[in-house]
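2 protein chains.
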Amino acid sequence: MAPATSPADEPDGGAPAVRIRLDLAYDGTAFSGWARQPGLRTVQTVLEEALATVLRLPQAPRLVVAGRTDAGVHARGQVAHVDLPADAWLAAPGRASRSPGDAVTRRLAAVVPPDVVVHRARPAPPGFDARFSALWRRYAYRIADDVAARDPLRRAEVTWHPRSLDVPAMDAAARGLLGEHDFAAYCRPREGATTIRTLLAFGWERDGHGLAVAHVRADAFCHSMVRALVGACLAVGEGRREPTWPAQVLAGGLRHPGVTVAPPRGLTLEEVSYPDDAGLAARAEESRAVRTLAG
Amino acid sequence: MAPATSPADEPDGGAPAVRIRLDLAYDGTAFSGWARQPGLRTVQTVLEEALATVLRLPQAPRLVVAGRTDAGVHARGQVAHVDLPADAWLAAPGRASRSPGDAVTRRLAAVVPPDVVVHRARPAPPGFDARFSALWRRYAYRIADDVAARDPLRRAEVTWHPRSLDVPAMDAAARGLLGEHDFAAYCRPREGATTIRTLLAFGWERDGHGLAVAHVRADAFCHSMVRALVGACLAVGEGRREPTWPAQVLAGGLRHPGVTVAPPRGLTLEEVSYPDDAGLAARAEESRAVRTLAG
Chain A
1 MAPATSPADE PDGGAPAVRI RLDLAYDGTA FSGWARQPGL RTVQTVLEEA
51 LATVLRLPQA PRLVVAGRTD AGVHARGQVA HVDLPADAWL AAPGRASRSP
101 GDAVTRRLAA VVPPDVVVHR ARPAPPGFDA RFSALWRRYA YRIADDVAAR
151 DPLRRAEVTW HPRSLDVPAM DAAARGLLGE HDFAAYCRPR EGATTIRTLL
201 AFGWERDGHG LAVAHVRADA FCHSMVRALV GACLAVGEGR REPTWPAQVL
251 AGGLRHPGVT VAPPRGLTLE EVSYPDDAGL AARAEESRAV RTLAG
Chain B
1 MAPATSPADE PDGGAPAVRI RLDLAYDGTA FSGWARQPGL RTVQTVLEEA
51 LATVLRLPQA PRLVVAGRTD AGVHARGQVA HVDLPADAWL AAPGRASRSP
101 GDAVTRRLAA VVPPDVVVHR ARPAPPGFDA RFSALWRRYA YRIADDVAAR
151 DPLRRAEVTW HPRSLDVPAM DAAARGLLGE HDFAAYCRPR EGATTIRTLL
201 AFGWERDGHG LAVAHVRADA FCHSMVRALV GACLAVGEGR REPTWPAQVL
251 AGGLRHPGVT VAPPRGLTLE EVSYPDDAGL AARAEESRAV RTLAG
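Protein sequence lines correspond, in order, to chains A and B. Residue 1 is where the first sequence starts when you use the numbering used here, and the numbers rise one by one after that. Residue 1 is where the second sequence starts when you use the numbering used here, and the numbers rise one by one after that.
In isolation and in its complexed conformation, chain A is listed as follows (with noise of 0.2 Å):
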């Protein structure tokens, strides 16, 4: 994918734009993902599509977003960007006596399905850009493990296991991969791209409904390298595996036949985190550099 445009950039041939910040949520179960793809309905298609309606825009605007989610991924707390012609963001709250971020708020809510929220549109910071700008993202992944723990009204979220989990054990594995090392044991490759990537956090817990939660935090993640890791986790919490095998894992550098890639549906991107408004600029710089030099 190529780099966004600035907020100072004219998506519109030569008509002035404004680079727009979404916050925005969606069931994944539905979706063949975020990612545009022909023939398939995609978040990204859905959200392009209904700006385009709210606003009037000839053609569907392009949006980049923090974390691209794989079919069947969740998220609650997703961020994209998209740069608008500045005429159609101002004229779009009517006779209304409200920003043009409520108004847009307002109108996509009526149009877009109900497995997807735009929870706020906004004006984006100079420098601003959705995916290279992001400090970490956040993602939970969470497990029923025993029939008592299964919630039908919260199963869209929730992968239901048939055996047992020995969460201390899994914790404990998680917490020896944390750090910067090369996850190619981890991630599906991609040419010209690297795989190593900062763990800031990855820890298993009860939570108060009897679910194993676990909840990874990194700078950037490789193609399902959430539900790798997870499918790690699980081996070692069935008892099929040392809490240390992850990590010999890891440092072997190679995908391994006995890491079950764990199902989407308990993968939820909860968090996309940014640095203040005057570090936007240079984080994203870094991103870029750092994700397209070291591979």
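Worth flagging that the hints you see were computed from the coordinates, not collected in a lab. For glycine and all other residues, C-beta sits at the position ideal for the given N, C-alpha and C. Don't take every hint at face value.
What the hints assert, rightly or not - Partial list, computed: chain B residues near chain A (C-beta under 10 Å):
1. Arg76
2. Pro114
3. Asp151
4. Leu153
Start from chain A and add chain B according to the hints.
Frame of chain A, contents of chain B only:
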């Protein structure tokens, strides 16, 4: 509905019976309520047929439930009982070394659709009746009254309300209804049944996710009562009525056209409470007498 048989009864033409307590949960979205109705998908039908399947019964057994929820209403802490042939119950584990309760729970999990979960099945103590032994039922009603609080992953159990609500005013209104009253103004009347109920708790708060949540607890509820109480509070929360108005409607004793029954989506039966085993039979006798005579 006739009172349930006691554990000593013999439902299967003379074979000894055992009364089983089921603890269960369901997402009511795709159900036409709890109660069996010809040609409709109801929770009772699905569970009775599942029990017949896993216990290889010639005929579906009859369930008696604590809270007969309406179409679209959910349950997280529902309780039911069923009288089963003792030999079928005892044979449930087959060759597996687990209790009949564990065996039945596991087998039901494999048979019922994912919008119903039986958390536990076990022999009920003497005198237990899921409906009449209950001391109280507790419901929650959840409303997202701001786009920012809409979580697509929890949309099954939350009503999305288009206007923002004054929760402290709703809380004041709710507290004005506490105690024993004739709730005829909030009930759909039924021939020969009392509408006198004791509202043990009713209040509104903002939860940690920005939702407006009501917790409602009573010895029992008549038909559509919780949703009518919520509807009266919504009129207060939107500023259309004073916080004293729901109590005035109650005192009037007649259904009021200003009270709109709130949508089922936001309503969940969270908990049913029973006395200690020694008090079960006496409580059931008391409830039967009150519910049938006082009307």
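Legend entry - Violated hints - listed by number, lowest first: none
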